[in-house]
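Residue strings, one per chain:
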Amino acid sequence: MEVNGTLIWYYNICKREVWLMSRNIVPDQHNENIDLGKFLHENSFSRKKKEISFGSVKFDVILDTKDKLVIGETKKSSKYEAASKWQMMFYLKTLKDAGINAEGVMLYPEEKRRDEVLLDDTSIQTLNNMILDINSIIEKEEPPKAEKCKYCKNCGYLEYCYA
Amino acid sequence: MKKDIYIFNGGKLVRKDNTLLFESVEGKKYIPVNNVESIYIFGEVDINKSLLEFLCTNEIVLHFYNYYEYYIGSFYPRECLNSGFVTLRQSEFYIDYNKRLFIAKQFIDGSVKNIIQVLRYYNSRSADLSQEIEEILQMLDSLSSQETIEQAMAIEGNIREKYYKCFNKIINDKAFTFTSRTKRPPKDKINSLISFGNSMLYTIVLSQIYQTNLDPRIGYLHTTNNRRFSLNLDLAEIFKPIIVDRTIFSVINKKIITAKDFNKDLGGIILKDEGRMKFVKEFNDKLETTIKHPSLENKVSYKRLIRLEAYKLQKHITEGEVYEPFIARW
Ligand code: SF4
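First to last, the protein sequences are chains A and B.
All the letters of the first sequence, read from the start, carry residue numbers 1 to 163 under this note's numbering.
All the letters of the second sequence, read from the start, carry residue numbers 1 to 330 under this note's numbering.
These are computed hints drawn from the structure, not numbers from a lab.
Small disclaimer: the values here were computed from a predicted structure and weren't measured.
Careful: at least some of the hints might be erroneous.
Said to hold, decoys possible - Distance windows between CB atoms, simulated:
| no. | chain 1 | residue 1 | chain 2 | residue 2 | range |
| --- | --- | --- | --- | --- | --- |
| 1 | A | 144 | B | 277 | 45 to 51 Å |
| 2 | B | 272 | A | 139 | 31 to 37 Å |
| 3 | A | 113 | B | 44 | 58 to 64 Å |
| 4 | A | 77 | B | 150 | 53 to 59 Å |
| 5 | A | 77 | B | 300 | 25 to 31 Å |
Even glycine gets a Cβ: it sits at the ideal position worked out from N, Cα and C.
Start from the sequences, fold in the hints, and give me the full structure.
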């Protein structure tokens, strides 16, 4: 299975989710309280004309004054900060592999925050390790056991995991 | 939380832009599609293909009932939650006889333990059922040593017979005396209620299975042959005593349903439309009742418990997490 941005995102939330997603065991779609659904929704329809799309995820393209490519992603809150950042890194790396150097910026308008995301050698190394680890999780016959974490409360798998 | 819609009147159910519209002599009623989980049709209702397509996109299951046989069938839209992996595992657990036997016995075990809970409740209140509880417990003891599903089912059959006899001590209306279980058609009022209640539960469970990755055609206790759906019958076993039977006791003992709610027809006794409506209301109230769940922090409804039960079974076959049936605590 090819690792994509969505799996990178899940990996940084909960490793069990990675395995479940890989088997097409999808979270409860009808539960309005879950963030995951909102996350997918937020990212799955086009907002502006100038955007770049990776599967279901679309980014706004921002052109810097120095004609450097910057991709921007707007989020409601920074609750999933790390996961979003690594997902962005993954896309920057995908662009880089295609010969395009780009930078990222995460925008949290409601928190009046703006974080730059830069791809460097260390982050490329970290991403490569993540991809290896994701593959080894997916290869396993059974998923990692559910472990209560701060993301469980708003996770679409909550009832599935703790039934 | 999405709702189930029950239609008792005759009329026409159509798609109207992005909502459902039910037209009858009483007027028009719009139903926002996003709030609907399943639709239960009891009346003479006309539908068309465009409606079915719309229900399919919105992943809504449609269940049809008629006057004589109660349940006739369901429109089960193509699976929205498809996982080849889960389906393969589900089949594997069917084909491997020991794995199948284990699951089948767990369903019976759960069903009988819930029967005992129901009896204990009435034993502590009005009826003296200690003797019967003792006997059922003894019969349950021999379940684990049974080597075939048929043998296990035979034990369950004996237990159920004893259990239904207890109804006469629980129900305080002589019009509802139980003699023996008769199905097609039910020969007396209590059988008619049991048949109707059970068929309601089968469809509710089917709708819940639709929300999981499980395939309802592969059951473990009830044989898969000749039937389109069987896993819902399996899971329903666990919930019959606590959902259907308790509803029956309350509609009779509270005199919500009386002898006047039945018709004698074609050699059988059939619940009239109005009786059905009253039963469905009580039944639905029961499904919405919430209880505290041991491992989830919030309260869950009985309807939700059915879904959780399906999840547990799914995890049994995909994660090696041993399936333990839900047992009511009172
Ligand atoms: S509920 Fe918790 S353990 Fe289960 S998938 Fe979600 S985050 Fe992971």
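Now the hints, each set against the structure:
no.: 1; hint: A:144 <-> B:277: 45 to 51 Å; verdict: 49 Å, holds
no.: 2; hint: B:272 <-> A:139: 31 to 37 Å; verdict: 59 Å, violated
no.: 3; hint: A:113 <-> B:44: 58 to 64 Å; verdict: 60 Å, holds
no.: 4; hint: A:77 <-> B:150: 53 to 59 Å; verdict: 57 Å, holds
no.: 5; hint: A:77 <-> B:300: 25 to 31 Å; verdict: 27 Å, holds
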